[in-house]
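J.: The listed protein sequences correspond, in order, to chains U and L.
Mapping of the first sequence onto our numbering: position 36 corresponds to residue 36, and the numbering continues sequentially without gaps.
For any residue, its number in our numbering is found by taking its place in the second sequence, counting from 1, and adding 110.
Careful: at least some of the hints might be erroneous.
As the list claims (entries may be wrong) - Below, a sample of chain U positions facing chain L; criterion: calculated Cβ distance under 7 angstroms:
1) Gly31
2) Ala62
3) Val64
4) Phe73
5) Gln80
6) Glu81
Unchecked claim - Within a straight-line C-alpha distance of at most 27 angstroms, the following computed DSS-like cross-link-like pairs (lysine-lysine) qualify:
7) L:Lys196 - L:Lys228
8) U:Lys70 - L:Lys228
9) U:Lys89 - L:Lys141
10) L:Lys113 - U:Lys70
11) L:Lys228 - L:Lys113
12) L:Lys141 - U:Lys96
13) L:Lys215 - U:Lys12
14) L:Lys141 - L:Lys196
15) L:Lys160 - L:Lys113
16) L:Lys160 - L:Lys196
17) L:Lys141 - L:Lys128
18) L:Lys178 - L:Lys113
19) L:Lys178 - L:Lys160
20) U:Lys12 - U:Lys70
21) L:Lys160 - L:Lys228
22) L:Lys178 - L:Lys128
23) L:Lys141 - L:Lys160
24) L:Lys192 - L:Lys141
25) U:Lys21 - L:Lys113
26) L:Lys215 - L:Lys160
27) U:Lys21 - L:Lys228
28) L:Lys113 - L:Lys192
29) L:Lys178 - U:Lys70
30) L:Lys215 - U:Lys70
31) L:Lys160 - L:Lys128
32) L:Lys141 - U:Lys92
33) U:Lys92 - U:Lys107
Said to hold, decoys possible - Distance windows between CB atoms, simulated:
34) U:Arg65 - L:Arg186: 18 to 24 angstroms
35) U:Arg45 - L:Ser191: 45 to 51 angstroms
36) U:Ala97 - L:Thr155: 48 to 54 angstroms
37) L:Ala197 - U:Ala15: 39 to 45 angstroms
38) U:Lys21 - L:Glu127: 37 to 43 angstroms
Simulated from the structure, these hints should not be mistaken for lab results.
The structure displayed is predicted, hence computed values, not measured ones.
The beta-carbon is built from N, C-alpha and C at its ideal position, and this holds for glycine as well.
Below, each chain spelled out in residue letters.
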Amino acid sequence: MAESRDTDVLFKALADSSRRKLLDLLHAHDGRTLNELCEHLDMTRQGVTQHLDLLEAANLVATVRRGREKLHFLNPVPLQEIYERWIAKFEKPRLKALADLKRRMEKTNG
Amino acid sequence: MAKSTFVYVTYIRTTPEKLWSALTDDVEFMKQYWFGVYCESRWTTGSSWKMVQNDGQVSDAGEIVEAKPPRRLVIRWLHQSKPELKAEGESLCTMELEPSGTAVKLSIIHTIERDPSKFIAAVSGGWPKIISNLKSLLESGSIALQEPYPGESVHSGKE
Numbered sequence: 001m002a003e004s005r006d007t008d009v010l011f012k013a014l015a016d017s018s019r020r021k022l023l024d025l026l027h028a029h030d031g032r033t034l035n036e037l038c039e040h041l042d043m044t045r046q047g048v049t050q051h052l053d054l055l056e057a058a059n060l061v062a063t064v065r066r067g068r069e070k071l072h073f074l075n076p077v078p079l080q081e082i083y084e085r086w087i088a089k090f091e092k093p094r095l096k097a098l099a100d101l102k103r104r105m106e107k108t109n110g
Numbered sequence: 111m112a113k114s115t116f117v118y119v120t121y122i123r124t125t126p127e128k129l130w131s132a133l134t135d136d137v138e139f140m141k142q143y144w145f146g147v148y149c150e151s152r153w154t155t156g157s158s159w160k161m162v163q164n165d166g167q168v169s170d171a172g173e174i175v176e177a178k179p180p181r182r183l184v185i186r187w188l189h190q191s192k193p194e195l196k197a198e199g200e201s202l203c204t205m206e207l208e209p210s211g212t213a214v215k216l217s218i219i220h221t222i223e224r225d226p227s228k229f230i231a232a233v234s235g236g237w238p239k240i241i242s243n244l245k246s247l248l249e250s251g252s253i254a255l256q257e258p259y260p261g262e263s264v265h266s267g268k269e
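Make a model of the complete structure from these sequences and hints.
T.: Structure representation (structure tokens):
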């Protein structure tokens with residue numbers, strides 16, 4: 001039950017273009033402050049804060065305090081979980097078929 | 111000074127004691143979620159530490175800078191096998207375990223005093239898979255991934 005609530009929060013956090021842009025910004029350069037992130041978004045500081053709070057609640061962003069500053073880091077662990085649960089499971093049979101084909105072709109060549 | 115850092119956070123439904131043991135002295139458990147890799151140390155402040163690959167090769171070595179079971183572990187970590195990664199020098203890996211409701215928040219912060227860093231790029235590909243496997247093994251008793259790179263035959267993988 002708690003699992004599926006976590007998943008809802010995660011997908012809701014991803015279902016917004018500004019929040020996905022924040023993730024891309026952190027992917028390009030990790031460990032940024034709120035001010036640095038605000039420079040790249042056409043939005044109020046308060047708006048950016050709210051988006052970051054949602055991303056943090058979904059565990060997609062982790063923060064570390066450095067003195068008076070709060071640095072934001074992309075946390076890819078939930079994305080890895082999405083990958084395993086929603087992507088790998090579905091693509092695996094096809095990857096296996098390709099690997100089998102490759103093996104068979106190489107065997108007949110040798 | 112320029113610095114490369116990554117921060118990984120996950121919430122695992124377990125106790126700090128079990129998680130600490132899974133990250134340190136439970137070698138057989140570690141091999142299950144770490145694709146056959148294990149770490150060897152006395153896990154006390156000042157003791158030496160090394161990481162052993164499944165072919166027996168020591169890939170990384172260093173020292174335990176701080177060990178406060180079951181809350182905080184800091185490892186001085188130097189890569190050993192690839193010359194270009196070894197040349198980047200020492201990194202610092204901090205693991206923090208905080209109880210959070212019925213779960214434990216695990217934060218792994220790995221830093222090196224240079225930017226960009228090939229070492230940090232190399233380990234950052236591995237950590238999410240390892241942590242994700244650790245989480246499923248502790249919560250459900252089975253691992254999510256048998257191999258670090260599904261679809262490729264670079265690794266033998268543990269059955």
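J.: With reference to the structure, classify each hint as holding or not holding.
T.: Do the hints match the structure? See the list:
no.: 1; hint: Gly31; verdict: holds (6 angstroms)
no.: 2; hint: Ala62; verdict: holds (4 angstroms)
no.: 3; hint: Val64; verdict: holds (6 angstroms)
no.: 4; hint: Phe73; verdict: holds (4 angstroms)
no.: 5; hint: Gln80; verdict: holds (4 angstroms)
no.: 6; hint: Glu81; verdict: holds (6 angstroms)
no.: 7; hint: L:Lys196 - L:Lys228; verdict: holds (10 angstroms)
no.: 8; hint: U:Lys70 - L:Lys228; verdict: holds (25 angstroms)
no.: 9; hint: U:Lys89 - L:Lys141; verdict: holds (23 angstroms)
no.: 10; hint: L:Lys113 - U:Lys70; verdict: holds (16 angstroms)
no.: 11; hint: L:Lys228 - L:Lys113; verdict: holds (12 angstroms)
no.: 12; hint: L:Lys141 - U:Lys96; verdict: holds (25 angstroms)
no.: 13; hint: L:Lys215 - U:Lys12; verdict: holds (21 angstroms)
no.: 14; hint: L:Lys141 - L:Lys196; verdict: holds (24 angstroms)
no.: 15; hint: L:Lys160 - L:Lys113; verdict: holds (24 angstroms)
no.: 16; hint: L:Lys160 - L:Lys196; verdict: holds (14 angstroms)
no.: 17; hint: L:Lys141 - L:Lys128; verdict: holds (15 angstroms)
no.: 18; hint: L:Lys178 - L:Lys113; verdict: holds (26 angstroms)
no.: 19; hint: L:Lys178 - L:Lys160; verdict: holds (19 angstroms)
no.: 20; hint: U:Lys12 - U:Lys70; verdict: holds (24 angstroms)
no.: 21; hint: L:Lys160 - L:Lys228; verdict: holds (20 angstroms)
no.: 22; hint: L:Lys178 - L:Lys128; verdict: holds (14 angstroms)
no.: 23; hint: L:Lys141 - L:Lys160; verdict: holds (14 angstroms)
no.: 24; hint: L:Lys192 - L:Lys141; verdict: holds (22 angstroms)
no.: 25; hint: U:Lys21 - L:Lys113; verdict: holds (24 angstroms)
no.: 26; hint: L:Lys215 - L:Lys160; verdict: holds (25 angstroms)
no.: 27; hint: U:Lys21 - L:Lys228; verdict: holds (25 angstroms)
no.: 28; hint: L:Lys113 - L:Lys192; verdict: holds (21 angstroms)
no.: 29; hint: L:Lys178 - U:Lys70; verdict: holds (25 angstroms)
no.: 30; hint: L:Lys215 - U:Lys70; verdict: holds (19 angstroms)
no.: 31; hint: L:Lys160 - L:Lys128; verdict: holds (21 angstroms)
no.: 32; hint: L:Lys141 - U:Lys92; verdict: holds (23 angstroms)
no.: 33; hint: U:Lys92 - U:Lys107; verdict: holds (22 angstroms)
no.: 34; hint: U:Arg65 - L:Arg186: 18 to 24 angstroms; verdict: holds (22 angstroms)
no.: 35; hint: U:Arg45 - L:Ser191: 45 to 51 angstroms; verdict: holds (46 angstroms)
no.: 36; hint: U:Ala97 - L:Thr155: 48 to 54 angstroms; verdict: holds (51 angstroms)
no.: 37; hint: L:Ala197 - U:Ala15: 39 to 45 angstroms; verdict: holds (43 angstroms)
no.: 38; hint: U:Lys21 - L:Glu127: 37 to 43 angstroms; verdict: holds (41 angstroms)
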